[in-house]
Every structure is written in structure tokens, then in C-alpha cells.
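Q: Protein sequence lines, in the order shown, are assigned to chains A and B. Counting along the first sequence from 1, when you hit position 229 you're at 552 in our numbering, and nothing is skipped either side. Counting along the second sequence from 1, when you hit position 30 you're at 31 in our numbering, and nothing is skipped either side.
Hints were generated in silico from the structure; no laboratory data involved. Note that CB positions come from ideal geometry on N, CA and C, so glycine has one too. Any given hint might turn out to be false.
[To be verified] Subject to a maximum C-alpha distance of 30 Å in a straight line, what follows is the list of computed BS3-like cross-link-like pairs (lysine-lysine):
1) A:471 to A:446
2) A:391 to B:53
3) A:453 to A:354
4) B:55 to A:391
5) B:114 to B:55
6) A:342 to A:391
[What the hints assert, rightly or not] Covered by chain A, according to a simulated footprint, are these stretches of chain B (three or more residues, beta-carbon under 8 Å):
7) 22-29
8) 42-53
In case you want the letters, here they are:
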Amino acid sequence: MANLKDLKTRIESVKSTRKITKAMQMVAAAKLRRAQEAAENARPYGERMAAVMGNLAQGAAGSETAPKLLAGTGSDKVHLLIVATSERGLCGGFNSSIVKLAKSHAENLVAAGKTVKILTVGKKGREQMKREWAGSFIAHVDHSAVKKLGYVNAQAVARDVLQRFEAGEFDVVTIFYNVFQSVVTQIPTARQLIPAEVETAGGDAPFYEYEPDEDEILAELLPRAMTTQIFTALLENAASEQGARMSAMDNATRNAGEMIEKLTIEYNRSRQAAITNELIEIISGAEAL
Amino acid sequence: MADMMQFDLVSPERMLASFEASEVEIPGAEGDFTAMPDHAALVTTMRPGVLKAKGAGQTSEYVVTGGFVEVSGAGVSVLAEHAVPRDEISRDAVEAMIAEAESAAAEVTPGLKDAADKRIADTRGLLEQLGL
């Protein structure tokens, strides 16, 4: 049996681990609330944007002058995958699930003879993708210094992507992120940004007058709609990350508790054994006299 | 004729205002206009400027930089890229906007140069309009 002193140190160390995971869980819970609020606040803008887009795109989708962002470049040879993950670890399967989805997507594309380029947002995803896909990396966006995710962060990503798209670096853009469902469930999702996927409202769309004309509005609206989608993705990701961390840390805290119980029982047993041993020695010593 | 309509002002980060308004003055890209209830359905872009919404009893003013307005039978939805209540705006904030417009103009493709220059001019105009 392990000696008493060792057991005692182990119990102490597990106890301090439990304190840390407990604290991290509480921090994540507080951050989650803020992240959820941010996601909630951004929703009306995204919804309106999608509605206006739907109306506009209905008319423009068929026409030959439709902008490339909506109609595509006419080919789908080169794909850009934006893999949005977190900057920090210790959040359960959060990053792995996104990376897994992105990897399988990339493998399918390569198998179909397409070229894959990858833009990573967040350190963790980059680390996990590096082993197999380092050759496809074209850029990385670091958000580790960002305290509160703002629209400007999404704008920076969008501007970069748009510039590369204008330069003809790729034909199709897809973003990978986790959709926040609840603290325990986050759904890894792939969403196509270019060509823009538009949900057209069924039925008769109200007839709008456009000022300036439709094409000009569309040309301005499309990049903004894409920025909004990236922003939404980043916000969903932020909420998911905190949710995932919260449940991961909750599990860790519980496991540490169980570990402490087990170790404490072992410690008590060993202590009792030592006492019994000593008694036996004394008694047998006395009997021998 | 209905004398009130729904007015919503949303920016990407939050919903700034949502109330019943009787008229909304909008700095449209092709000229300012005022939307009143039962205005024809319209979608337009905005230039940097001041947006005024007259609600029940009070008039709210916001400084907006670009974005979209959707006017429909149901009301007016303003999707502003950036919007700040007028009394919270400072000279520094407007100057930051000018700087941003200028840096955006520096890297814009030649075809969009005019629009970028117009944005700078409009943002500069804000300073005077706001009396800062």
C-alpha cells in the first residue's frame, strides 16, 4: 500500500486542481452569458439583412449581370475553407469537432479533384489542422488579443477574404464554426459564403423601389451580408466555446471530486492498517514476555 | 391613414432603437428624404449623416455612417453599419470616422473611387452639420 505521506500530497494536489476547474467553470459561465447576449443582440441585424437580401437576390439571381459574389465565378475548382476556432484550449471537444468537419470536407474536395485553401481564425484550429493541411494555409487571423468580439473583427476577416476573391484566388468560400444550441450541445456547421446562399421568402415579395438601382445596392449589400454572416459565425463560436468550456470544466470538477473521495478512502484504510499493525506488534511483544 | 409606423434602428452589434414613429428623416445616398407612414416600399443605401426619427413626444437623432434603409408598409428598418445617438457623439469620434473613410478610400479599387471620395466628403460634412 502506498505510503501515507504520498497519499496526502496527492489528495492535496487533486483538491487544488478541483479549485481551478471550479473557478474556470464559473468564469466560463459568466462569459457565456455575455457571449449569448452579444449573439442575441446581433440577431435582428442579421435577420433583416437576410430578408432584404432575399428580396433583392430573387430578381438578380437569374440575370447575367448578377455579381460574382452571388452567382459565383462560373467554376468551383478552388475552395477556401475558413476554419473558425478558439484561441484557448480546455474546452472539451469544441475545437476538435470543427476541425473534424473541416477536415472531412477538405478530404472530399480533394478526392473530387478540387484545390483546397484554408484560412484559420483562432490558434487552436490552426494547430490541429497543421499536421495534414499546412500546405493549404493561406492566412491566419489571430484574435487572442481581442477582449470583446466586435463587428470590426468580422470586417477585417471579410475584407481579407473579399480582396483575395477579387484577385481570383478561389471560387467558393465556406466557413466552419459551431452553432450554439445549449451548454452541452454545440453543432459543428459548414456555411457557404460565396456564392451567397440566399433564403428566398416564399410567396409574393413586396415590390420595392431601389435607390440607386438594384445592381448598385446589391454590389454594396453582398459584401456586407457576408461580413454579417462571418460576424454571426464568430459570435456563435464565442458562445459555443464558453458553453463547451463550462461543461468540460463541470465534468473535470466532478471527476476531481470522485478522485478525492477514492484517495481519501485509500488514505484512511492505510492509516488504519498501520495502526492495526502497530497494535499487533505491541500485543505479540507483550505475549512473548 | 395610419399616423404611426414601426421604426427600427439596428447595427450589427445591437438594436439601438425600436419604437413607433410618425416620421423619419433619412440621409439617403441620393439625397435626404423623409419617410412617413404609407410611404412607397423602398430600399436605399445611406450616406454618412444624421437620421431623425420623430416618435410620440420625442425626436431621436442618430449619427449613422452608411448602411441600408428598408421602407415598407410595415415601417422603416434602418440597418446602419455604425450608429451613435447624437448626444453621445464627439469631435474625436467623427474624426475617427473620417480617418476610417480615408483609409478605406486608399485601398479601394479604381471603379469605386468616386463612392469612396463621396464618403469622405460626407463624413467631413458631418462635422459642420453637428456643429462640432
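Q: Are any of the numbered hints broken by this structure? If so, which, sorted upward?
A: The structure conflicts with hints 2, 4, 5, 6, 7, although it agrees with all the remaining ones.
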